[in-house]
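**Q** What follows is the residue order along each chain.
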Amino acid sequence: MYTRILTSALFAGAAAGLIAALLQLVFVQPVLLHAELYESGELVHFGGTPVSAHPELPGFDLMRDSLSIVFTMLTYTGYTLVMVALMSMAEGRGAAINARTGLIWGIAGFIAFHLAPGFTLAPEVPGVAAADVGDRQVWWTATVATAGAAMWLIAYGGNKISYLIAVALLMAPHLIGAPEPDSFSGPVPTEIGALFAARAFGVGLAAWALVGTFAGYFWQTEGERAEASA
Amino acid sequence: MTTKTLNASAAGLGFLPAVFAIVLGLGVVTLTGHVQAAALHDAAHDVRHATGFPCH
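Protein chains in written order, with full-length UniProt numbering: chain H, 1 to 230; chain A, 1 to 56.
Because the hints were derived from the structure by calculation, they are not lab data. Check each hint, because a few of them may be wrong.
Said to hold, decoys possible - Calculated from the model, a selection of chain H residues having no Cβ within reach of chain A, i.e. all distances over 10 angstroms:
{"id": "1", "residue": "Leu43"}
{"id": "2", "residue": "Val44"}
{"id": "3", "residue": "His174"}
Said to hold, decoys possible - Coverage of chain H stretches by chain A, computed from C-beta distances (three or more under 8 angstroms per stretch; other residues unrestricted):
{"id": "4", "stretch": "5-13"}
{"id": "5", "stretch": "73-82"}
{"id": "6", "stretch": "112-123"}
We put the CB at the ideal spot given by N, CA and C, even for glycine.
Next up, chain A with everything else stripped away, as it sits in the complex (with noise of 0.2 angstroms):
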């Protein structure tokens, strides 16, 4: 493995990877932070005020 060949994965077939990874992450913290629905509403009450999000 030479430093040519890894900068190529980071640079090339590494962008796939990142956005896949964004999209999860972010979807992660809507699903915990921002959903209303009641249950998860409920469960997640105080680590939405604790950690800064828009809650009620």
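With the rest of the complex left out, here is chain H (with noise of 0.2 angstroms):
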């Protein structure tokens, strides 16, 4: 059981997110680049003279994106291993999990490691204004915690109540609102926060859905790969 998850997590994990990886590196990495000339001030908006939404940015940085692409493969390994367990609990109070229902898998937890805490903690573009580092990944943990449990009482809990306790858990963490700043000091203009927020939203649902689809084919086959060697 343990070589069937760590398996199963492994090769999905590095697919998935060595995917995720190029995927950044197209869509998010430019957009990103193009906030940090605002917030090492190379460039200014709102002066006298309009600047130019098309800068020259820095193309691919060996060193840099090497390591993104190291760390996105890890993280997305990290979740799958979570993903992989909870299938495998799932599949022993009778879930079917395959890549199909894997699809579902995937989109709870873009829901639970993206949307949730994105939805009032937006993802940040260099330069924004936050509070506190510490007292945000605190909110960003028990969002996530709240997330995942309420959408693990949606699709296992099975009554009435359980999905009004789920909803609860979904509302609360915004109802009673993250760590903000104190005042607004972003250098970046609105119109690259929004798409940065888009773009990571995006990345991390295709991501996610390939995390799903990856993690519930490899348990599979895992599965009966072990079942035809026993």
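Both chains are sitting in their own frames, so use the hints and assemble them into the complex.
**A** And the structure:
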């Protein structure tokens, strides 16, 4: 069982993480680099003269972008370990786990780890004003935990009360509110911030859909292989 | 290998490995996403922003 969980999670995490990293480099990184020109003060908007929205951006940075690829693959492998473990528990309760059902798991994972925390603590472009990072991490972790628990209740709770608890868990962190900065001091144009959040969510959804599909696929095939050799 | 033994292994023995994998997975995510040590933060900087983790 250890082998099956670890093997499926490593395969799925590495594959989904690599694709996620490439999507990020193509779609998110240019927006991030653009924002950093404002963060560093190289570009200033709302000055006297209009600033071009299409500056020359640095291209592929071997060191920096390779690290991003490694860390994206690590992050998604971490996510996949959690997902495959939960899949094994769900299968123990009679749920069918395969690539098709995995897609739903992936979307649930996106909601728990990206959409739920990002709904109030929007994906931050470099340079935005923000509250203390420790406070935000506590809120982020609590929101991920409550959203994850809520979706497990929706999927496997099986009665009306569990749906009500799930709705309360999903809404509570946002009604309570996330740590916010005392004042706004972000130098980055709002257009870049909005594009960054949209891109981060879009790439996140694509990555998580792959995480779920791959996790379900490898979990099923690794199970069949173990059964055949038993 | 019958269906019965498969179910038993999934429901009984399956519990511990699952907990182990969850702890391991959350440990990895904490390292890549949350630990503020300068070297880790700099290496994971772009990923943290792009993946929606609180950064800085």
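**Q** Take the hints in turn and mark each one as holding or not.
**A** Hints and how they fare:
No Cβ of chain A comes within 10 angstroms of the Cβ of Leu43(H); the nearest lies about 18 angstroms off, and the non-interface call holds. With a closest Cβ-Cβ approach of about 20 angstroms to chain A, Val44(H) is found to remain outside the 10 angstroms limit, as its non-interface label requires. Every CB of chain A lies more than 10 angstroms from the CB of His174(H), the least distance being 15 angstroms, so the non-interface label holds. As drawn, the stretch 5-13 of chain H meets chain A at 3 residues by the rule of a beta-carbon pair under 8 angstroms; at three or more, the given contact holds.
Counting residues of the stretch 73-82 of chain H whose beta-carbon sits less than 8 angstroms from any beta-carbon of chain A gives 8, enough to reach three: the coverage restraint holds. For the stretch 112-123 of chain H, the stated coverage by chain A is satisfied: 6 residues place a CB nearer than 8 angstroms to a CB of that chain, which reaches the threshold of 3.
Comparing the model with each numbered hint stated earlier shows that all of them hold.
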